[in-house]
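Colleague: Per our numbering, the sequence shown starts with residue 111, numbered consecutively.
No lab work stands behind these hints: they were computed from the structure.
Please note that the accuracy of each hint is not assured.
Unchecked claim - Simulated restraints on C-beta separations: (1) Glu292 <-> Thr328: 19 to 25 Å; (2) Glu292 <-> Lys183: 38 to 44 Å; (3) Ala268 <-> Arg330: 16 to 22 Å; (4) Leu195 <-> Ala268: 30 to 36 Å; (5) Asp254 <-> Arg336: 28 to 34 Å; (6) Gly240 <-> Gly270: 32 to 38 Å.
Said to hold, decoys possible - With a Cα cut of at most 25 Å, we get these calculated DSS-like pairs of lysine-lysine: (7) Lys272 <-> Lys190; (8) Lys276 <-> Lys176; (9) Lys176 <-> Lys319; (10) Lys243 <-> Lys319; (11) Lys176 <-> Lys190; (12) Lys319 <-> Lys276; (13) Lys183 <-> Lys319.
Quick caveat, the model's predicted, so the values are computed rather than measured.
No residue lacks a Cβ here, since even glycine has one placed at the ideal position from N, Cα and C.
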Amino acid sequence: MTTMRVRAERAANTVAYGLATGAAGAMVGAVTGGMGWAMAIGGAASVAGAQAGRARPASATRRNAKLTAGTTKQLALLRKAGWRLIHARPIGQDQDRVYHLCIPPSASRVVLCMDWAWPAGEQVHLDEDGSLKAGSVDGEIAVDWLLQAAEVVRTELATGKKVFGKISVAHVLPVHRATVQEGHVQFHREQDDERREINVVHRNVLVDKMRPLGEGATLRTRRTARNVAEFLDSTFP
């Protein structure tokens, strides 16, 4: 459904840009050279506008660009502690949504982070029925996307199991514009008969919450973390 939405939006952008630039070009042509020039310039402008519309990024990508940059900046603090960080990588079917892949020096797991445009000023919380909410926004959509991407990562890691052993995948939703009660909400969701832990973490405490995962690192685990990072870097270019 998400991929269909992105394609539909791009189609709409193509038509809108084409009509707008075509009309503008026609007006310029009519003023400068009459109807013949209007048709020629208008047609050329319409083609150029359609190409611009087709290339225009999806609104979800544009909206999340600043969030992705913000999370990247926050996570950079982990590099000094030996973490391997891979940013803005498309994973799964929706190539317009990108993720952060974070590998601690302990090589205990891969932390998959996904930015989500939570409404500014709202508090991210679990509803009475256990659903993730932020005002009127249904956070379960973000959870579903995160779990789907994590399953892709999990499947790819399984192919390299003989090289760097079994590594689990952690699920994190960083929050920038909204608030989170006490900075951190943790809950579980069922996926493929497995109980997955989901962590919604405010950006102010994101690094502090993740840092303990790197404890207990050794020369061997640091080498493994490097191998895992190189593997994921080539798997999700």
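Colleague: Evaluate each hint against the coordinates.
Modeller: Checked hints:
The hinted range of 19 to 25 Å is not satisfied by glutamate 292 and threonine 328, whose Cβ atoms lie roughly 33 Å apart. The hinted window of 38 to 44 Å between glutamate 292 and lysine 183 is violated, with their beta carbons roughly 23 Å apart. Alanine 268 and arginine 330 have their C-beta atoms about 21 Å apart, which keeps the hinted 16 to 22 Å range intact. For leucine 195 paired with alanine 268, a C-beta distance near 22 Å fails the hint of 30 to 36 Å.
The beta-carbon spacing between aspartate 254 and arginine 336, approximately 32 Å, falls within the hinted interval of 28 to 34 Å. Judged by the Cβ atoms, the range 32 to 38 Å given for glycine 240 and glycine 270 holds: they are separated by roughly 35 Å. Of the pairs offered as hints, the one joining lysine 272 and lysine 190 is violated, with about 29 Å between alpha carbons and a cut-off of 25 Å exceeded. A C-alpha spacing of about 34 Å is found between lysine 276 and lysine 176, which places the hinted pair above 25 Å, so the restraint is violated.
Simply put, lysine 176 and lysine 319 have alpha-carbon atoms about 22 Å apart, close enough for the 25 Å limit, and the pair holds. The suggested pairing of lysine 243 with lysine 319 holds, with an alpha-carbon distance near 21 Å, which does not exceed 25 Å. At roughly 24 Å between alpha-carbon atoms, lysine 176 and lysine 190 fall within 25 Å of each other, so this suggested pair holds. Distance restraint check for lysine 319 and lysine 276: the Cα-Cα separation of roughly 23 Å lies within the 25 Å cut-off, and the hinted pair is therefore satisfied.
At roughly 16 Å between alpha-carbon atoms, lysine 183 and lysine 319 fall within 25 Å of each other, so this suggested pair holds.
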